[in-house]
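Chains as they are written, first to last, in this note's numbering: chain H, 1 to 257; chain L, 1 to 257; chain Z, 1 to 257; chain C, 1 to 257.
Fair warning: there could be bad hints in the mix.
Where chains are identical, the list cannot tell them apart; a pair therefore holds if satisfied intra-copy or between any two copies.
Said to hold, decoys possible - Each computed SDA-like pair below joins lysine to any residue, with the alpha-carbon atoms no more than 20 Å apart:
(1) K101 / T206
(2) K101 / R135
(3) K251 / Q49
(4) K189 / Q4
(5) K2 / I187
(6) K55 / G114
(7) K55 / I187
(8) K251 / A209
(9) K193 / E124
(10) K140 / S106
(11) K140 / L105
(12) K101 / E83
(13) K140 / R76
(14) K101 / E138
(15) K101 / A158
(16) K55 / D157
(17) K55 / E83
These are computed hints drawn from the structure, not numbers from a lab. Predicted, not measured: the structure shown is a model, and the values here were computed from it.
Protein chains: 4
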Amino acid sequence: MKLQIDINCDLGEGYGAYRVGNDAGVMPYITSANIACGFHAGDPMTMAQTVSLAKRHRVAVGAHPGYPDLLGFGRREMQLSSEEVMNCITYQIGALQGFAKAVGLSLQHVKPHGALYNTAAEHEDTSKGVVGAVRAFEDKLIILAPPNSVLARVAVDAGLRVAYEFFADRAYNADGRLVSRRHPDAIVKEARKVVERAVRAVIEKTVLASDGEVVNLGEVHTICVHGDTPAAVTLVETLKKGLIQANIEVKPVRSLI
Amino acid sequence: MKLQIDINCDLGEGYGAYRVGNDAGVMPYITSANIACGFHAGDPMTMAQTVSLAKRHRVAVGAHPGYPDLLGFGRREMQLSSEEVMNCITYQIGALQGFAKAVGLSLQHVKPHGALYNTAAEHEDTSKGVVGAVRAFEDKLIILAPPNSVLARVAVDAGLRVAYEFFADRAYNADGRLVSRRHPDAIVKEARKVVERAVRAVIEKTVLASDGEVVNLGEVHTICVHGDTPAAVTLVETLKKGLIQANIEVKPVRSLI
Amino acid sequence: MKLQIDINCDLGEGYGAYRVGNDAGVMPYITSANIACGFHAGDPMTMAQTVSLAKRHRVAVGAHPGYPDLLGFGRREMQLSSEEVMNCITYQIGALQGFAKAVGLSLQHVKPHGALYNTAAEHEDTSKGVVGAVRAFEDKLIILAPPNSVLARVAVDAGLRVAYEFFADRAYNADGRLVSRRHPDAIVKEARKVVERAVRAVIEKTVLASDGEVVNLGEVHTICVHGDTPAAVTLVETLKKGLIQANIEVKPVRSLI
Amino acid sequence: MKLQIDINCDLGEGYGAYRVGNDAGVMPYITSANIACGFHAGDPMTMAQTVSLAKRHRVAVGAHPGYPDLLGFGRREMQLSSEEVMNCITYQIGALQGFAKAVGLSLQHVKPHGALYNTAAEHEDTSKGVVGAVRAFEDKLIILAPPNSVLARVAVDAGLRVAYEFFADRAYNADGRLVSRRHPDAIVKEARKVVERAVRAVIEKTVLASDGEVVNLGEVHTICVHGDTPAAVTLVETLKKGLIQANIEVKPVRSLI
């Protein structure tokens, strides 16, 4: 059988008059959209437009819930109890599902944003809040998580489907974690390299760490790309073509798991 | 057939550490709860708790969406386009439906809050935003509206079910509108009078205006009471008993329309 | 004596991760900065940076307070009482003065933003709120207002100094008002024309309306330019040079009144 | 010379329609008011009213800045850099100073709120943000801090005046820290005991820890009481009378340091 992969991207991250990224430019080349839900970014108008845009391009829609911290764009850790996380996620998934329902769609997945993603990846309490919300709301929703993360384990234990995520444009450490954004070499900018890494992750299930070591990724279901850089559109287009040329089928994650 | 009526009340109107009203005290005596959805009041924790409380008392849950104005508690008119109203409502209905779904419930109704209710009652553009959101989300949802209002007409024209609302604890003008809250006699405080007015509204379909004139209400499906006064619990309890004694059945509005 | 004029521009209108405009590019060519104060835009980090940038360029700093509506960027009319307007302005002026004081500056002026500016220009209640706040806080602060506006009159009556403002890049109607932004010809984009209009406003105290009629402006103290378009820097630079070539001195408004 | 002490209380912690505490009831018995500044609580109307109320009672006003987290009432730790803390504090001090200036007052002190207070008490980075903001804004402002805290040390090192605070209605551990609020005996409710503890803290500079051990407090300049409980007014009144009966003068902290 042909190898398959999903390409996901964070979209709808503007707020009111503030616009970020090039959602319309990126949408034709991705298969799953993580849509901001109003806490770290996103607002009702932006959410409606992003869901419509995704529908037009037959891109699967997912919720991208964050901490209630618009000022910090959800990138600052906040001390929330497991129950607070759960209810913040339920609220945001529900709100996005409202827009999806209004145009005849259903959510495919949930991917926590920023500090919430990082905290859930490592902490039991936070990941239980995320997983509890998803399971109670709709247990067919797929959770996007890093391979070998606490979030992935808690989700699997709860009987949920998990898609393992590879960051094609981010450098990895030898321990399998992402190089911190503060490091000058954290981002892989060259499109050719991003494609190479993505193809390798899908076919060989490995990535070359910054120090040259080969890191085992295990199964990878979806490749995350960033849509908020000037070169984003070209990079995503190149990535999709490169994957197809490598004989890998690019399709929404729900058809891979 | 026995006469029937619904009793609705605005609940879940706290925010974080701020608490208002006595939701637990009022819940046993009402049949429909209008739950704040996070824009004029309400937050994820409060919404989860209020939905659970309603479920425990078999009270039907509805969305109580407001303008995005927590500082003004949704009581200030805001210049929103029809599309902005629509998307603000979709967001809030969706968010509340998330909590309802998580405990196995579905929303029964939608009742706009404060300035949004008043504006929708009189303006075509705003009411089209409300009705458009409800219809696209779930056309079985009932809209609570004043009799003879623009909102009621627009909702009926769109094929939605409308429940006509009577405010038992508010004084009416001879033209059928509520006496402004700024007027000292705007609120009917005596429980006995509230019951009398409610019974009359259900049986005779009329209310006595401040000037003594008899105002024709037409069909009334639901009686609104306020839960945020110290005497609220006693008043709601008295109202329910009074209606039952008058041989009127008190039940959720979805079973009356 | 040589003719003199001020050039003012709205700056610091980002919020957290959201950036708008090219503040650093525009700053060298203006003499007064209207800095957003956190209600319609702006946040503590952005305010601190914008005040420092202005200081470095010896640009006079002023408060640019707006309605408490980040989602609407302060462009939506809100029903605030005169007292609510007053306290919202006091809060925002005070907050900005905090950052000015921290680097040894004092505020020069106050210019309401967006819908608050438009409402204050026409309505007594709102302009009394603005003027009341400024007078109580510091009666040497200059208020920027349209010529012949209610705001200007109320400020003058209260003994405050008023700077009359001309919008060099906005089309005017024959009645002296700005052509609505919804009209395709609302914005004057050609730098050469913007300069011509500015020079004419300063020297002849008139502007040519869209229909060709000559509109009397009266005394003009400051020219407003917009910093949030791609061509803003070139336009402002061209404007400043054009004014100087026309033998008009460009300097902060406090030295003109 | 007669012993002297200040009584401080957190006030103005409502938000819009939400009211908490009994500010008017407590004000006659305190000498310093810590007024919320709009981030964890407080809004322009509430701030204006609280400053006026304090003025009427000749109570010294101080800023009570918190984390930007209204939903969490400033009680949740947030990951802010030292510079972010500094700018958040500058913004809030400035805003409150606006209201004070408008009625002819100046701020006496700054007391961080909730999680910001706790974090500043223990962490260098956060306390440097607090101290940096206060020093740049106005170096005569007094910082309220726990004795032996990092915040107190950093403030003293920066040349600022520090008032050491004793919590008369909170239980202490043997190490001089407050018993966590989660512990059932964290709060001392009996007015008589609160008085005893306050008098002892002032005269003997000690407090009895929960385990009976005598904890050395060192110099104490101000006693914190809470105004948001039903019994608050009686408790504060009793405290003030008890201190006076013990021949201790109760006056604003600026006259003690």
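A quick look at each hint next to the structure:
{"no.": "1", "hint": "K101 / T206", "in the structure": "neither (38 Å within a copy, 40 Å between copies)"}
{"no.": "2", "hint": "K101 / R135", "in the structure": "both (19 Å within a copy, 11 Å between copies)"}
{"no.": "3", "hint": "K251 / Q49", "in the structure": "neither (22 Å within a copy, 39 Å between copies)"}
{"no.": "4", "hint": "K189 / Q4", "in the structure": "neither (24 Å within a copy, 50 Å between copies)"}
{"no.": "5", "hint": "K2 / I187", "in the structure": "neither (30 Å within a copy, 55 Å between copies)"}
{"no.": "6", "hint": "K55 / G114", "in the structure": "neither (25 Å within a copy, 34 Å between copies)"}
{"no.": "7", "hint": "K55 / I187", "in the structure": "neither (30 Å within a copy, 35 Å between copies)"}
{"no.": "8", "hint": "K251 / A209", "in the structure": "neither (27 Å within a copy, 56 Å between copies)"}
{"no.": "9", "hint": "K193 / E124", "in the structure": "neither (34 Å within a copy, 42 Å between copies)"}
{"no.": "10", "hint": "K140 / S106", "in the structure": "both (11 Å within a copy, 18 Å between copies)"}
{"no.": "11", "hint": "K140 / L105", "in the structure": "both (14 Å within a copy, 18 Å between copies)"}
{"no.": "12", "hint": "K101 / E83", "in the structure": "between (26 Å within a copy, 17 Å between copies)"}
{"no.": "13", "hint": "K140 / R76", "in the structure": "neither (29 Å within a copy, 33 Å between copies)"}
{"no.": "14", "hint": "K101 / E138", "in the structure": "both (14 Å within a copy, 8 Å between copies)"}
{"no.": "15", "hint": "K101 / A158", "in the structure": "between (26 Å within a copy, 18 Å between copies)"}
{"no.": "16", "hint": "K55 / D157", "in the structure": "neither (32 Å within a copy, 28 Å between copies)"}
{"no.": "17", "hint": "K55 / E83", "in the structure": "between (32 Å within a copy, 19 Å between copies)"}
Hints 1, 3, 4, 5, 6, 7, 8, 9, 13 and 16 from the list above are not met by this structure, while the remaining hints are.
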